[in-house]
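Trainee: Protein chains in written order, with this note's numbering: chain U, 1 to 101; chain V, 1 to 171; chain H, 1 to 660; chain D, 1 to 489.
Worth flagging that the hints you see were computed from the coordinates, not collected in a lab. Bear in mind that the values here come from a model prediction, so they are computed numbers and not experimental data. Warning: the hint list may mix true and false statements.
Simulated pairs of lysine-lysine, DSBU-like, Cα-Cα distance not exceeding 30 Å [stated by the list, open to error]:
(1) D:Lys154 - U:Lys87
(2) H:Lys31 - H:Lys458
(3) V:Lys168 - D:Lys409
(4) D:Lys154 - D:Lys38
(5) D:Lys39 - V:Lys167
(6) U:Lys87 - V:Lys167
Part of the chain H face toward chain U, derived, beta carbon under 10 Å [to be verified]:
(7) Val541
(8) Gln632
(9) Thr633
(10) Gly634
(11) Tyr635
(12) Gln637
(13) Ala640
(14) Val641
(15) Leu644
In this text, a Cβ means the ideal position worked out from N, Cα and C, and glycines have one as well.
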Amino acid sequence: MIEHQSLFLALAVTLFFIGAAGAVVRRNAIIVFMCIEIMLGGVNLAFLTFTRTTQNLDGAFMVMCIMAVAAVEAAVGLAIFFLLYRKTGSIDLEKFNLLKW
Amino acid sequence: MLESMLLYLAAALTLVTSVMVAVTRNTVHSALWMVASCFLLAVVFLFLRLQFMAALQVIIYAGAVMMFIIFAIMMLNLRVNPGRIQLRSTKTAGLVLVLFLFPALLLLLGMGRGIAALQGQVSLRALEQFGEVPLLANVMFSDYLLPFELVSILLTVGVIGAVALAKKRKD
Amino acid sequence: MFDLVWLIPTLPALGVLLNGLLGRKIEAANKSLVHWIACSAVGLSFFLTCLTFLELLQLPAELRLVEFTWFNWISAGEFQSYWAYQIDPLSMVMCLFVTGVGFLIHIYSIGYMGHAEGRYYRYFTYLNLFMFSMINLVLANNFLLMFLGWEGVGFCSYLLIGFWFGNIDNARAGKKAFITNRIGDFAFLVGLFLLITHLGKHGVWSVNFTEVFSHASALPPGIVTAVCLLFFIGCTAKSAQIPLYIWLPDAMAGPTPVSALIHAATMVTSGIYFVTRSNILYQMSPLALQVIAVVGALTALLAASIALTQNDIKRVLAYSTVSQLGYMFLGLGVGAFSAGIFHVVTHSFFKALLFLCAGSVMHGLANEQDMRFMGGMRKKMPVTYLTMLIGTLAIVGFPGLAGFFSKDEILWKTFASGHVLLWMIGVFTAGLTAFYMFRLIFMTFFNECRASREVQAKIHESPRTMTVPLIVLAALSAIGGYIGVPHALGGSNRIEHFLEPVMGTGPGKLIAGGEHLAQEAAHGAYHPSLAVEYLLMLLSVAIVLIGIGLAYTLYVKERERPVQLAERFSGLYRLMFNKWYVDELYGLIAVRPLHRASLFLWKGIDVLIIDGVVNGLARIFGWSGTWLRTVQTGYVQAYAVSLLLGVAGLMLYTLFVLVP
Amino acid sequence: MSPEFILPAVNFQCILPQILLSLTALLVLLVDVFGLVKKANALALITLAGVVFATLTLFSGTGLQETAFSGMILVDGFSFFLNLTICLILILTILVSMNYQQFFPGINSGEYYSLLIFAAVGMSFMAAAGNLILLFVALELMSVSIYVLVGFHKDNLRSIEAALKYFLMGAFATSFLLLGFAFLYGATGTMDLLTMTEFIRSNPEVLSSGLFLSGVLLTLTGLGFKISMVPFHMWTPDVYEGAPTVITGFMATGVKAAAFAALVRIFMVPLGSLPIDWSMLLWVAAVLTMTVGNIIALVQDSIKRMLAYSGIAHAGYLLIGVVAGGELAQAGILYYLLVYAFMNIGAFGVLALLGKKETEYNTLQEFSGLGLKYPVLGLAMAVFMFSLAGIPPTGGFMGKLYIFSAAIKSGYVWLVVLGALNSVISIYYYLRVIVVMYFQESGAEDVAFPAPSPAITLGLGLAAAGIMILGVFPSYFWVLAQNSVFVPM
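In isolation and in its complexed conformation, chain U is listed as follows (with noise of 0.2 Å):
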């Protein structure tokens, strides 16, 4: 599959945008944590068309480190939303900005 490499690389960056479009524009946070997490699944994908181009695993151990990452992020970041929806009885970015400025 060497010959896919560009590829997997464009399908990686495509996947990053696709993410951050949907980061900067969804007002649900949830939302903009999930198309967070579709980036660092381009990421993944990056690390690991070049863990194979380059025959290190220092890539794909990297997309484990990432993996586990993105679970601890998840319990934090639901952690905080939980949080502000029970003071603020919504989860919607575009209702917060106390501080500005």
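Fit chains V, H and D to the supplied structure of chain U, relying on the hints for placement.
Mentor: Okay, now just chains V, H and D, sitting in the frame of chain U:
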């Protein structure tokens, strides 16, 4: 040939499901699309002959993280998105920037392709072994010992943090 | 005695520690202990300075440079800087009057600040800190330690100017002083960096004065000029020259002894000291010297003309300080470094005296500062009057008093070096000085008292702690000039000889730049004879007398004219008419335009343009801040967009610049 | 065929302080969970003891110069200096926190102290990381702990909002950082910094490949976010303002130190051989960062938010050092980070002491007359402000002096001129605090200050003393910083 076709199909489906995550209004549906996207990405990993990573992708992402998220959505009763996607001017600017950055990055990546990336002359045997667990496990407990242990601390911190934030105070 | 040099700055530092940390308790227990600590600290260091000075005199002239290294202060690779002091004629002269006059001001403060309950210890702490910084400034043997003192006096002046912070204006004045000084310091630092880097190229990683100066000839002339000019900008802030003098008149907000300290002995003289200290550098750059001379002369003129119209007694004195500092820079600019230092010394005597006298007057008049509500104080405060008169005569350059010798020295050197135009400005300014100083005297001490009844009832001569320093300073103002009587008057100009080892032009010390200057002087072919020197001296004395006379006519005589007319000169209408005509003419051709011009300079240039530029800049920053903060809308996703924007910027740069 | 398992070479000596710190964190957690001690400050004291002990063991590793865990961490002077800085930050933060529990009782919990320590462990591993994998994991360890700490004031919506913003922006920026790492990895075939340096040296053509360049670009984005470099700075003021004040001090100093360590390790060394144009880019970033931070700080009413913006400006000064490059600049950055730790935690510590319960928001006016009512507190605050403004003889001045002179030495005169101008601007708003504190009578409404506890007095005293020592006798630490410069073996 067939494999290439299947790869294209998987790639296309991954993209489609990802886009659906970003545009679906219903939060639950969005999360379900996300699960699909994770599965399809795992399929793409398979084409790289990284079976173990594909399995991890399914188990951790689709299995753990997404269940977590869906559980949270249910708990917060957020099935319907609080509001429709309104493109404020900043958000439009964000989209425009993404639309610029995406081709720009692809263009940049195409320029004078990376050197190490081109050295990938992999023997078939190594290629097949590569995705196997023993090889990875071997380095995980030797070369990567320290980050591996640190990840365990990180998971602890995740637990402590989530508990500390979500629990109600005693007093 | 040289081994004890470190005690000179350390004693005030101890005073700071004692009063600063325990002051509140000390003051509560026994108020007089506070000033005992502070005054004895400064007094002892004055005493030590005297001893050191005497010991220095024992040495032959060429050996008069003793360095005392305390410890290694900053070392950065090859770069070394020590906490070290330097005893040489220049630092000793400075240190003598800094500690001496400072000591007198400390004593005076006991009486003056007696009412400051609860802040008494704080005041003396600041004062001691000021002395510590100033002593460090003059004794340091390297640029960095000097800069520490340089910043220190700026900081202390900020604290002291804003001492009566109950009034926000005072605090604002303190801030203005500080910020203006920081602008100067910024230029100074850039100059210092430039100097260090370029010397480093020649392998000299040191900021020690002696080492820097002995390697200075290796520097390219452009760099020397740049360094000198940058340093000079720093000096314009510290020593209140155009364009950064604006803080000084506002600095009147501080307690009067502080004004005396800032204006006379310390702080403002540091610029003069620095240029003199670096005279070897400056002599390598004729351009920089030229700039200094011109700026000095213009400052002298501008400040003097502004002083003509001011009614606030301290403000008049403040502008006169600016003007006198202008003289000093004029002297430095024409290469008469020792004359500049001479004037610093005499000026420190009479300016301290004048300020303290003004403080005494205010003390007696319930803190009135406006001269329009003074008058007739001659009889009620005789000591103050007499001492202030001596101070005034000294500052206007009345023959025989301190200011006469030093000012004349500067004017003469200016003329002799061929700067005739600058000399004319200087002489004219001397006339103005005489006018406004005597205007001050007449308005304050002569005629009837214009203060309100209640205030008048309480007018009293100041306590002994205040008058004694006045008398001492008056004596110094009277005789202080005799350390530098010029050859033309049969003296031997002792101070110039004493300072000679420090000057780059001393015998056998001619360096590349100095030679150039000497040659230029030779080409100028000005070798005026003794006769010319006498003539010029007479001329300036005459102009001073005219100034005094004019002031007398306008502020004493004219006011009483109606009475005089009716009683004594009733038959001489014509003459009187003519006189009146003369007065009018004076008014028309001299006083009124001057008045207007000075009003214009004050309101137009000073307030509008210079303050305006400074405030305008501040406002521009304020506006842009107000505008920029609106970007911070508080919406997370807007922040994400800005991150994308940054990435896009990096991307564009990479695509178009890095990838050709 | 399964490859033989090679036992890893484990050198615990190299990570002893981090191990001790982690153990302390777990101990505190357990003590709290099982309710072993009841006294109010016991948890803090246990934490403090552990951290101090760990700090002491740090010195047993002085002068070590080796790589450990297969190149994962670099044990050298650089990591020693930063570990020292981070430990000091931790100690000061704990001291300041002990008074802070009056604001919300939840802070006096095992979770709080253990998260604080874990964040510091993350920071110290970031400073020592010799591999992008470890760098990433350590960065996440730090970030996740701090996400939680920022939202620790659960009754305060501002705190939660700050946590939300920091979390989302952090995750967003981290994915950029990761993509950058992926590209660097793809271009050089390794995640190990020293191998990467070696690879770039032997294959200089990689420098012009698009893969590599985009990797650098995205890495810069990710790290720029953490150090709040303009235009990646937007989160900074909001998060700093919303976070519990002691945490603000902690993150402003600690995260900055760790992220700058990473920046130095990546940008000043392996990429030190980059074409000169990158420094041009950083030049612009440095100027923007200083100027934007300072100018917006000018118009803030809230002191906390003002300090937040000033934190951005300080990142700009530090960036000058990165632009300048070279060992002198590196030492300057180290020195500045140390000074910055003292002055910023000090300033935020004072704010924490004075903050109001609901908002933790102090307007300038509420500070009026403070210096007269509480002379010692006022004096400490004045020292912090003067140091932040870079006025001698404080440490802030020396730090700036070192960085600026390094930049001048590398020929960036204009950058230094702009930097110095910026610090002139900054004097205005720092001084304003002092003016209000000393030169204005206190207003009608008195802010009731809780009496400073011995702990906070000690903390603020240490910070002020540190500033003065670094300002007046910089030699020792400057030499230490110079010996701590990171030179790849």
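Trainee: Run every hint past the structure and note whether it holds.
Mentor: Here's how the hints hold up against the structure:
1. D:Lys154 - U:Lys87: holds (9 Å)
2. H:Lys31 - H:Lys458: holds (25 Å)
3. V:Lys168 - D:Lys409: Measuring from Cα to Cα gives roughly 57 Å; hence the hint is violated.
4. D:Lys154 - D:Lys38: holds (23 Å)
5. D:Lys39 - V:Lys167: Answer holds: lysine 39 (chain D) to lysine 167 (chain V) is near 23 Å, not above 30 Å.
6. U:Lys87 - V:Lys167: Roughly 13 Å separates the two Cα atoms, so the pair holds.
7. Val541: With a minimum Cβ separation of about 66 Å from chain U (threshold 10 Å), the hint on valine 541 (chain H) is violated.
8. Gln632: holds (5 Å)
9. Thr633: With Cβ-Cβ at 6 Å, under 10 Å, it holds.
10. Gly634: holds (3 Å)
11. Tyr635: holds (5 Å)
12. Gln637: OK, holds: glutamine 637 (chain H) within 10 Å of chain U, min 5 Å.
13. Ala640: holds (5 Å)
14. Val641: At about 6 Å, which falls below the 10 Å cut-off, the nearest Cβ of chain U leaves the hint on valine 641 (chain H) intact, so it holds.
15. Leu644: With a closest approach of 7 Å, the leucine 644 (chain H) hint holds.
Figure legend: structure checked against the earlier numbered hints; hints not met, in rising order: 3, 7.
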